[in-house]
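Visitor: Line by line, the protein sequences are chains P and G.
For the first sequence, our numbering begins at 95 and goes up steadily by one.
For the second sequence, our numbering begins at 92 and goes up steadily by one.
No wet-lab data here; the hints were simulated from the structure.
Be careful, since some hints might not be right.
Here are the simulated DSSO-like pairs of lysine-lysine, each with C-alpha atoms no more than 27 Å apart in a straight line [as the list claims (entries may be wrong)]:
id: 1; chain 1: G; residue 1: 118; chain 2: P; residue 2: 136
id: 2; chain 1: P; residue 1: 139; chain 2: G; residue 2: 118
id: 3; chain 1: G; residue 1: 118; chain 2: G; residue 2: 162
id: 4; chain 1: P; residue 1: 139; chain 2: P; residue 2: 173
id: 5; chain 1: G; residue 1: 118; chain 2: P; residue 2: 199
id: 6; chain 1: G; residue 1: 162; chain 2: G; residue 2: 142
id: 7; chain 1: G; residue 1: 135; chain 2: P; residue 2: 139
id: 8; chain 1: P; residue 1: 136; chain 2: G; residue 2: 135
id: 9; chain 1: P; residue 1: 199; chain 2: P; residue 2: 173
Label pairs and their computed distance ranges (CB to CB) [to be verified]:
id: 10; chain 1: G; residue 1: 132; chain 2: P; residue 2: 123; range: 23 to 29 Å
id: 11; chain 1: P; residue 1: 199; chain 2: G; residue 2: 161; range: 34 to 40 Å
id: 12; chain 1: P; residue 1: 145; chain 2: G; residue 2: 98; range: 34 to 40 Å
id: 13; chain 1: P; residue 1: 153; chain 2: G; residue 2: 131; range: 26 to 32 Å
The beta carbon of each residue, even a glycine, is placed where N, CA and C say it ideally should be.
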Amino acid sequence: RKEVEQDPGPFNVPEGATVAFNCTYSNSASQSFFWYRQDCRKEPKLLMSVYSSGNEDGRFTAQLNRASQYISLLIRDSKLSDSATYLCVVSDDMRFGAGTRLTVKP
Amino acid sequence: NAGVMQNPRHLVRRRGQEARLRCSPMKGHSHVYWYRQLPEEGLKFMVYLQKENIIDESGMPKERFSAEFPKEGPSILRIQQVVRGDSAAYFCASSPPYRRGEQYFGPGTRLTVT
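Kindly generate the complete structure, drawing on both the sequences and the hints.
Guide: Now the structure itself:
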């Protein structure tokens, strides 16, 4: 089993849709989790941290499920500009998922 | 406050040559990370350095690759005797102390081996 696993997608959704991605991890001792966004051929950019209690930033919500060892990212009211690849990372091991590609269409 | 800087942005080398990639972290950041990304693939961790110390090099190939972060100057990722399979984007990131997951990436160096 890969250390950090993501559904590669692509997820193709219409504007305004709600979309969710999951990311599973294998190291049960992991403590720190983050979501990054990467646009085509650009560098990744930190999107948000994932806290045990979950956290929300505008249209984005990140959650952690320790029992099942996954983190999730929910995007509400999708915008065209949300089109990108979303990477999860388990900070303790410096392991990035391969990314989930999202395309939001008009 | 300048972000993470990498140079060169594009580097072309013939097989057998050496490639040197440079990374200057954000001001105030003492932790540097190097990643490799092959086309259509995810980021692969290579090495984590602090000033004058290699903290974790578990992702570095055993041969031909080395990294340093001297007391003065940028971090350097060095690839000796490059092969075609080394062609990739190499990203550097830096983070504040004690916040390893909060990484800020440079624009990357795209290495092409011909």
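Visitor: Against this structure, judge whether each hint is valid.
Guide: The hints, checked one at a time:
Proximity of residue 118(G) to residue 136(P) is assessed by CA-CA distance (about 21 Å); at most 27 Å being required, the pair is judged to hold. With a CA separation close to 17 Å, the supplied pair residue 139(P) and residue 118(G) stays within the 27 Å bound. With a C-alpha separation of about 14 Å, the suggested pair residue 118(G) and residue 162(G) falls inside the 27 Å cut-off, and the hint holds. Note on residue 139(P) and residue 173(P): the hinted pairing holds, with a Cα-Cα distance of about 18 Å set against a maximum of 27 Å.
Between residue 118(G) and residue 199(P) the CA atoms are separated by roughly 39 Å; this puts the pair beyond 27 Å, and the hint is violated. Simply put, residue 162(G) and residue 142(G) have alpha-carbon atoms about 6 Å apart, close enough for the 27 Å limit, and the pair holds. Restraint check for residue 135(G) and residue 139(P): the C-alpha separation of about 16 Å stays at or below 27 Å, so the hint holds. The straight-line distance between the Cα atoms of residue 136(P) and residue 135(G) is roughly 15 Å, inside the 27 Å bound, and the hint therefore holds.
A hinted pair counts as satisfied when its Cα atoms are at most 27 Å apart, and residue 199(P) with residue 173(P) qualifies at roughly 8 Å. In this structure the supplied range 23 to 29 Å holds for residue 132(G) paired with residue 123(P), their Cβ-Cβ distance being about 26 Å. Between residue 199(P) and residue 161(G) the CB atoms are about 48 Å apart, so this pair departs from the stated range of 34 to 40 Å. Against the hinted window of 34 to 40 Å, the Cβ-Cβ separation of residue 145(P) and residue 98(G) comes to about 36 Å, which satisfies the hint.
Hint check: residue 153(P) to residue 131(G), Cβ distance near 28 Å, so the stated range 26 to 32 Å holds.
Checked against the numbered hints given earlier, the structure breaks hints 5 and 11 and satisfies all the rest.
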